[in-house]
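Heads up: the sequence lines are chains A and B, in that order. All residue numbers for the first sequence refer to the working numbering, where the first residue is 32 and numbers rise by one. All residue numbers for the second sequence refer to the working numbering, where the first residue is 32 and numbers rise by one.
Some hints could be false.
In silico SDA-like cross-links for lysine to any residue, where the CA-CA straight-line distance does not exceed 25 Å [said to hold, decoys possible]:
(1) A:Lys73 with A:His131
(2) A:Lys282 with B:Gly221
(3) B:Lys282 with A:Glu209
(4) A:Lys73 with A:Val124
(5) A:Lys282 with B:Phe158
(6) A:Lys282 with B:Gly211
(7) B:Lys282 with A:Phe158
(8) B:Lys282 with A:Arg156
(9) A:Lys282 with B:Pro163
(10) A:Lys282 with B:Ile222
(11) A:Lys282 with B:Gln157
(12) B:Lys282 with A:Pro163
(13) A:Lys282 with B:His161
(14) A:Lys194 with A:Gly180
(15) B:Lys282 with A:Val150
(16) B:Lys282 with A:Val208
(17) A:Lys282 with B:Glu219
(18) B:Lys282 with A:Phe154
(19) A:Lys282 with B:Arg149
(20) B:Lys282 with A:Tyr155
(21) B:Lys282 with A:Ile222
(22) A:Lys282 with B:Phe154
(23) B:Lys282 with A:Cys210
(24) A:Lys282 with A:Leu128
(25) A:Lys282 with B:Cys210
(26) A:Lys282 with B:Val208
(27) A:Lys282 with B:Glu209
(28) A:Lys282 with B:Phe151
(29) B:Lys282 with A:Asp152
(30) B:Lys282 with A:Asn148
(31) B:Lys282 with A:Gly211
(32) A:Lys282 with B:Asn148
(33) A:Lys282 with B:Val150
(34) B:Lys282 with A:His161
(35) B:Lys75 with B:Glu129
(36) A:Lys282 with B:Arg156
(37) B:Lys282 with A:Phe151
(38) B:Lys75 with B:Trp281
(39) B:Lys282 with A:Glu219
Think of the hints as simulated: they come from the structure by calculation, not from any bench. These numbers come from a predicted model, not from an experiment.
Number of protein chains: 2
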Amino acid sequence: MRNLLMTISYDGTHYFGFQTQPDGNTIQDHLEAVISQLTGEKVKIHGSGRTDAGVHARGQTFHFLTSSQIPVERWRHALNGRLPSDIRITDAVEVPLEFHSRRYAKRKTYRYSINGNRVFDVFYRQFQLHHPGVLDVQAMRVGLAYLIGTHDYTSFASRHSTKQSHVRTIYEARIEVECGTEGAGTHEQGIIHIYVTGNGFLQHMVRIIVGTLLQVGEGKRAPKDMKSILEAKDRAAAGPTAESKGLMLWKVEYDEVPEIPDITKISQDMSF
Amino acid sequence: MRNLLMTISYDGTHYFGFQTQPDGNTIQDHLEAVISQLTGEKVKIHGSGRTDAGVHARGQTFHFLTSSQIPVERWRHALNGRLPSDIRITDAVEVPLEFHSRRYAKRKTYRYSINGNRVFDVFYRQFQLHHPGVLDVQAMRVGLAYLIGTHDYTSFASRHSTKQSHVRTIYEARIEVECGTEGAGTHEQGIIHIYVTGNGFLQHMVRIIVGTLLQVGEGKRAPKDMKSILEAKDRAAAGPTAESKGLMLWKVEYDEVPEIPDITKISQDMSF
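Starting from the given sequences, assemble the full structure and let the hints guide the process.
Listed below in structure tokens is the structure:
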């Protein structure tokens, strides 16, 4: 048996999210189907986490066990040839059997993108929220900073969250503006990218953070309100959940690049 | 009567090109339909030029005559609200009645984008040609330079071109590489953007230039072959027509920003 870790990017526009759903058409369903086609095995993959319907990924990861002897360097090409063009495997490595894409993940980064110009960009229309109204990006930066650290993020989690604990750590959070003239009172604000890196995220967490930060940017809330919202531990204290299309799972990081056992060693393991 | 000049961007993936076709579903059809809806007039628009099926535009222009009294600053929003989301009016100005979007155009720039990485980018899959094979970008630059100037571009025009003269002027042509390690013998070549600026372009001209330059990049032709191909004045001398999806009409430039008559003056004109 071998354990393979793969990195994928996908345009989530036409999918019901990453994880298998009763109604099908998820990223996981497509991946499992093509891996099964390739190997003849019934394979179950394990993602580093879910992404909601319409959310994209630049660097999602998943792992799965297989007894296939296909060399690791051939998987990417073989699977990409069978996958729809909006899902691409970008990397594949062999990892120790105990490795788990979610449990071993140390840092996950999401990016949320907002087009602040008067007219949205047709080429990114499915990857950016359009918000032509003036946003005070500096106030949003100050508000976002209150969320860094280890906190109970209940206020920023879906009411449907089934997690025992809502304590997570946000290591880094920043806002970058591309081609804009921030806060200049103009509608040509450019593209506002919000990056949030943490040890894990609750359901809708980044989208609720963004929905609340947009209220700060619009002047409807003060930046320091982010602190009291956090302390309230109540979903009702925060703002709305921002649209899924602006969200992208940017990257998943592991403590160290997992060991890649050599093919001969694998064959020896197989003989047990 | 007023003459309006508009700038539009569109994702051409799902259209049969800019210009009206018997089978419909062109950018022009959609624009004329929404302008007619808005004004109640039967309007014919005039583009700065055609773009083929699957070709995109960042800054296409068109003009049309209307007797509508809607203030110029309200057109963009009114039309965008009625257009499909892959077509956006980005600018609208009022110009003198004699102004013509094609005849007054002085410089047009096209960009052709090639993804030279092993795996294509899902988010740009409809806007970039995927060419994972190694390309000698420096050789492509040398080859491209032979095309600058005033020449008969018959070798780089579709055999179906109906133009009387194939003489055009290319003012500038350059290649820019984004996030790549050019010519380093690696497949991670980044994104190669080819920009060509001229006074006008023949049918398929940029795509045939790119198809031929790719052969130079692959080492199948020498850079100086571009000169003899040009001199041959024979379509058969050049390489294949590169796929439409990598091509984008980047911008259309006019000698001077056309005069924008003031609304009062227009009303006086109307009284004649």
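**Q.** Hint numbers contradicted by this structure
**A.** Violated hints: none; all satisfied.
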